[in-house]
Amino acid sequence: METWFFFILGGTALFAAINVVAQHRVFYAALSLILCLVALSGLYLLLQAPFIAAVQIIVYAGAIMVLFLFVIMMLDPFSAQMICDKHKYLSYLAVVLGVAVLIFLYRFLQTYDLALAPSNSTPIMGGTGSPGNLGRVLFSEYLLPFEMTSVLILIAIIGAVVLARRRP
Amino acid sequence: MDIQYYLILSALLFVVGAAGVILRKNIIAIFLCIELMLNAVNLSFISFSRYLNQVHGQIFVFFVMVVAAAEAAVGLAITIALYRHRGSLNVDDADLMKW
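Chains as they are written, first to last, in our numbering: chain A, 895 to 1062; chain B, 6 to 104.
Next comes chain A alone, as it looks inside the complex (with noise of 0.2 angstroms):
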């Protein structure tokens, strides 16, 4: 079972990265490095590290490749037409698949029982790459190299507005 699940998303990450590379649109190419991001964190699920699956979606399909996004919109002309004219039915198909996940997550929702729930004192993954256990390796033993993440967060914000910032 492992094996299937590894070759499906194995490959799927493979060819989206191949298409990355060879795509001549670099919106496709972007989204196509989307497909990659998340096929790769189902391997990291196989890997048994769900915490940096999850990471892995919020962080880097979520926030970085949509900066990535708004930066190719906003310099390659192509991207912007083809959202406006090319594909003007697909908000329609948007709405129409937006309400549908919204009635089914509300009949999820409705019908959940909290008793299921699992209660706060039992660990909900256990295991080396479980959330707690990484948050105190990382509060811990790594404590200094994650405040100078912080330092370097900082950095770049502030050359990032420095360096976009409009020339007078």
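Source of the hints: derived by calculation from the structure; they are not laboratory data.
C-beta atoms are modelled at their ideal positions from N, C-alpha and C, and glycine is treated no differently.
Mixed in with the good hints, there may be bad ones.
[As the list claims (entries may be wrong)] Distance ranges between label pairs, derived from CB positions:
#1 A:GLY1029 <-> B:GLN9: 44 to 54 angstroms
#2 A:LYS982 <-> B:VAL46: 34 to 44 angstroms
#3 A:VAL1056 <-> B:MET6: 21 to 31 angstroms
#4 B:LEU101 <-> A:LEU1046: 26 to 36 angstroms
#5 B:ARG91 <-> A:PHE964: 39 to 49 angstroms
#6 B:ARG91 <-> A:LEU1003: 48 to 58 angstroms
#7 A:VAL960 <-> B:ARG89: 18 to 28 angstroms
#8 A:ILE952 <-> B:HIS61: 15 to 25 angstroms
[Claimed, not checked] Which chain A residues face chain B? A few, computed with CB under 10 angstroms, are given here:
#9 LEU996
#10 ILE997
#11 VAL1031
[Unchecked claim] Facing chain B, a subset of chain A residues (Cβ under 7 angstroms, in silico):
#12 PHE900
#13 LEU903
#14 ALA911
#15 VAL915
#16 ALA923
#17 TYR938
#18 LEU941
#19 ILE958
#20 ILE966
Following the hints, complete the assembly by docking chain B onto the known chain A.
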């Protein structure tokens, strides 16, 4: 599932990303390929972490992600500045420091 499969997949992803950095001319496409290489390294970190049964590899993946975020922010700011000055995203147009 042996660790070799994951390492081979990681090496393949890294090689694809490195080839993209060399082959592509668009600066944003080069950035995307760099992200791909960082992710290939992350995969081998996680697989070693799993097979050595230690958490340190996953901690390092955190730091790699932080560096990737900082690199994306600064790199995209440089891209915007380059586009304002040169009016092009082609790396061959930015040849002021080329000898």
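Against the structure, the hints:
no.	hint	verdict
1	A:GLY1029 <-> B:GLN9: 44 to 54 angstroms	31 angstroms, violated
2	A:LYS982 <-> B:VAL46: 34 to 44 angstroms	41 angstroms, holds
3	A:VAL1056 <-> B:MET6: 21 to 31 angstroms	47 angstroms, violated
4	B:LEU101 <-> A:LEU1046: 26 to 36 angstroms	28 angstroms, holds
5	B:ARG91 <-> A:PHE964: 39 to 49 angstroms	20 angstroms, violated
6	B:ARG91 <-> A:LEU1003: 48 to 58 angstroms	52 angstroms, holds
7	A:VAL960 <-> B:ARG89: 18 to 28 angstroms	22 angstroms, holds
8	A:ILE952 <-> B:HIS61: 15 to 25 angstroms	22 angstroms, holds
9	LEU996	31 angstroms, violated
10	ILE997	35 angstroms, violated
11	VAL1031	5 angstroms, holds
12	PHE900	6 angstroms, holds
13	LEU903	9 angstroms, violated
14	ALA911	5 angstroms, holds
15	VAL915	4 angstroms, holds
16	ALA923	6 angstroms, holds
17	TYR938	6 angstroms, holds
18	LEU941	4 angstroms, holds
19	ILE958	5 angstroms, holds
20	ILE966	6 angstroms, holds
When each numbered hint is compared with the structure, violations occur for hints 1, 3, 5, 9, 10 and 13.
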